[in-house]
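Go ahead and model the full structure; you've got the sequences and the hints to work with.
Residue numbers (our numbering), protein chains in the order written: chain A, 55 to 208; chain B, 182 to 457; chain C, 49 to 428.
Because the hints were derived from the structure by calculation, they are not lab data. Since the model is a prediction, treat every value here as computed from it, not as a measurement. For every residue, glycine included, the Cβ atom is placed at its ideal position computed from N, Cα and C. Certain hints may be false.
What the hints assert, rightly or not - Taking lysine to any residue and the SDA-like style, the derived pairs with C-alpha atoms no more than 25 Å apart in a straight line are:
1. C/K227 - C/E279
2. B/K194 - C/E333
3. C/K147 - B/F187
4. B/K438 - C/G186
5. B/K438 - C/G109
What the hints assert, rightly or not - Computed footprint of chain A on chain B, listed as stretches where at least three residues anywhere in the stretch have a Cβ under 8 Å from a Cβ of chain A:
6. 355-367
7. 390-397
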Amino acid sequence: MKDIAQLVGEHPFFQGLDPSFCQLVCGCARNVRFEPGEYLFHEGGDADQLYLIRHGRVALEIAVPGKWSLSFQTLQDGDLVGVSWAVPPYHWAYDARAIELTRAIAVDARCLRQKCDADPALGYEVLQRLLPILISRLQATRLQILDVYGDRDQ
Amino acid sequence: MPPPDFMMPMPVKVMQRRQELATTWTLDVETGPDELAAFTPGQFNMLYVFGVGEIPVSFSGDPAGRDRHCFTVRAVGPVSRALTELPIAASLGKRGPYGTGWPLAAAEGADLALIAGGLGLAPLRPVLYHVLRYRQRYGRITLLYGTRSPSDILFRDELDGWRRRQDLEVRVTVDHAGSEWPGQVGVVPALVPTLGFDASNTVAFLCGPEVMMRLTASALLDAGLAPAGIYLSMERNMKCALGHCGHCQFGGVFVCKDGPVLPYPRLRGLLSLQEL
Amino acid sequence: MDDYNDTAVITSEGLQCLIEALLNRSYQVVGPQIRDQAIVYDTLTDIDQLPQGWSDEQDGGHYRLRPRADGAYFGYAVGPHSWKRFLYPPHQSLWQANKDGDRLYFKDERPDPPRFAFLGVRACELNAIAIQDRVFMGDAYSDPDYQARREGTFIVALNCSEAGGTCFCASMACGPEVKTGFDLALTELLNEGPHRFLVESGSPAGLEVMAELPRRNTTRADLQAAWAVVENTRRSMGRTMPDTDIPALLLDNLTHPRWDDVAQRCLSCANCTMVCPTCFCSTVEDSSDLAGTTAERHRRWDSCFTADFSYLHGGSVRQSTRSRYRQWMTHKLATWVEQFGSSGCVGCGRCITWCPVGIDLTEEVRAIHDTSPKGKGEAR
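Below is the structure:
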């Protein structure tokens with residue numbers, strides 16, 4: 055079985071990371087699994103973990119009163135779940151629910167933040183990997199707001 | 182002999198009608214004379230409803246079929262609404278086929294990325310029939326289909342059938358979904374980088390809302406596809422479909438006769454201009 | 049020289065004979081005449097109906113008739129009408145649909161096209177007709193009614209003896225001299241001799257008609273006088289189009305601030321497109337009777353300046369006046385070239401004269417040219 059260092063190093067989010075940095079990250083990481091329907095986290099909760107999906111599918115959802123939860127994005131193999139751990143006050147902004155059996159690497163966010171603060175070079179590496187994900191989610195949100203497939207009249 | 186009057190429709194009957202979605206129906210109509218039965222996937226017809234008006238509608242059926250034409254119509258305006266309300270055996274006016282089709286012959290030997298958004302799956306469906314019939318002529322074939330929500334997925338049964346095939350990769354995604362949806366949620370352009378296209382040997386056919394096509398074309402270019410290998414099916418107001426009425430102009434392009442299927446280089450520089 | 053090419057000189061009586069010869073051949077003769085204080089084109093049977101002794105004064109948003117002392121028949125520039133209204137009528141019934149139960153029948157509603165003889169077609173207008181020929185008969189989708197009207201038309205062209213205040217055909221290489229595309233061409237001669245017309249035939253049909261006219265042979269002096277008329281007109285153009293690569297200029301400047309500037313003045317009234325001899329856009333209208341058994345389809349001129357011209361389920365693509373003016377001008381002067389192989393402008397000046405606020409497309413092109421980051425200094 056692969057050890058955690060191998061798994062972290064192979065995950066697209068940390069791929070190519072300097073081995074010494076990788077070692078620092080691994081010190082905060084552990085293997086987790088979620089059954090279908092199990093929540094990774096809930097809106098408003100402390101964002102004290104980030105999850106790197108190895109296999110599976112996770113839906114990001116917002117609960118709408120009187121309706122079912124609305125899923126606005128699904129994430130799968132190779133994706134990062136959760137970004138709120140990077141910005142104070144570190145609270146989740148939505149629910150994350152496994153819709154398939156999902157195996158992931160959970161990284162202790164407090165631990166990672168401390169290491170990033172201690173070594174800004176690592177912090178910069180992490181932010182450089184986080185930023186493209188934020189931008190692509192922002193662009194996707196823009197397209198969703200346009201509701202391009204909807205009837206323009208309605 | 183006087184020249185033919187291309188503005189004159191031909192009466193044809195509705196043979197069958199199927200509800201696809203809440204406001205979307207597929208009509209099977211008679212082809213009319215044999216010489217008008219053949220069409221190239223991507224082409225369209227002008228359909229006239231008695232006393233109401235006429236609109237362009239793309240062929241959505243099998244190009245090898247000779248006994249009927251399929252048109253998939255969403256009720257968004259008076260004519261499209263009237264079309265979706267036509268009962269079996271009712272007559273409508275039809276003229277065409279018009280416009281350019283998808284470059285199916287030129288794409289032989291290449292991988293195909295068929296990327297549809299919303300009702301844009303309808304004009305690509307004849308492509309699927311064609312390439313699956315002549316499967317060995319093409320490399321890897323991917324269908325990426327995005328729509329608004331799970332209840333807006335067009336041709337759902339057929340998609341399920343295609344998904345089961347080993348020789349076709351089908352990805353369906355929606356903009357948003359309820360928690361019962363087991364599939365993918367996300368916008369089409371965001372999925373392009375995840376499909377692992379062989380950029381040097383992939384031809385992409387895009388059909389959907391213009392914004393979706395524009396952003397998807399950008400994502401394909403970012404993925405390394407050649408601009409000349411990307412084709413878009415454009416939509417504009419049309420009154421004649423002959424290049425005479427002027428309504429469908431998009432820059433110097435007459436969408437009706439130079440299009441609707443156009444190579445990206447012809448559209449580059451125009452797509453991002455507002456109110457063109 | 050083609051074997052149907054001949055020249056002769058006729059008097060105003062000869063002009064009347066020309067009209068009669070055309071009437072005898074069952075042509076509807078259409079020519080200039082005064083109506084509503086403007087010179088328009090309509091059917092006529094007698095030279096007395098021509099605007100003899102009248103000229104016009106034209107400028108941006110300005111048109112006035114004024115008398116002239118020399119008794120010229122064609123001593124004016126072009127008016128608000130162009131020949132397109134006869135070749136491609138402003139309103140036309142296309143077909144009728146009849147419903148009988150589930151059955152539908154379509155019936156051609158276009159009447160047999162009239163055979164026109166146009167009298168006094170100027171060089172710019174001949175060019176405009178040639179341009180519309182490419183639009184309506186240039187490919188497999190020929191418009192049968194246009195084609196029939198066009199093929200049945202006898203054209204008596206006219207070398208311009210007067211450039212209007214908004215004329216710029218010389219800088220569009222569309223005049224003032226008629227070169228091709230006519231059956232007969234007239235040059236009205238008022239100097240160096242009595243009032244007369246030089247006639248030139250440009251087709252076998254023209255030659256045949258010409259043979260019936262009371263005529264005398266052409267002298268060197270007649271030819272020189274005719275040449276002088278055209279040269280004088282060429283030198284007195286009221287406007288000039290900048291001498292530059294206009295398609296490239298406009299297409300490189302689709303976001304130029306000048307479009308905002310012109311949008312402040314433009315009323316989006318569509319006058320320019322109605323008077324333009326090459327603007328060809330149309331729309332269709334459907335109507336049905338109260339019993340629901342008969343429906344008709346009509347075609348009428350449309351304009352890219354209207355809001356619903358670019359309507360696409362839910363909204364217009366071109367919402368602003370800025371975008372509509374840009375569409376009109378870039379189509380006319382730039383994309384037309386890629387579509388039909390020539391500019392869509394012949395320099396007749398109608399759009400300038402009949403613009404209620406006097407927008408001048410030559411001035412707009414010059415403004416973009418002179419302030420374009422890609423322009424090269426002053427336009428000539």
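Now for the hints, and whether the structure bears them out:
1. C/K227 - C/E279: holds (14 Å)
2. B/K194 - C/E333: holds (23 Å)
3. C/K147 - B/F187: holds (21 Å)
4. B/K438 - C/G186: Holds, at about 13 Å.
5. B/K438 - C/G109: Distance ~37 Å between B/K438 and C/G109 Cα, so the pair is violated.
6. 355-367: holds (count 12)
7. 390-397: holds (count 4)
Violated hints amount to a single one, hint 5; each of the other numbered hints is respected by the structure.
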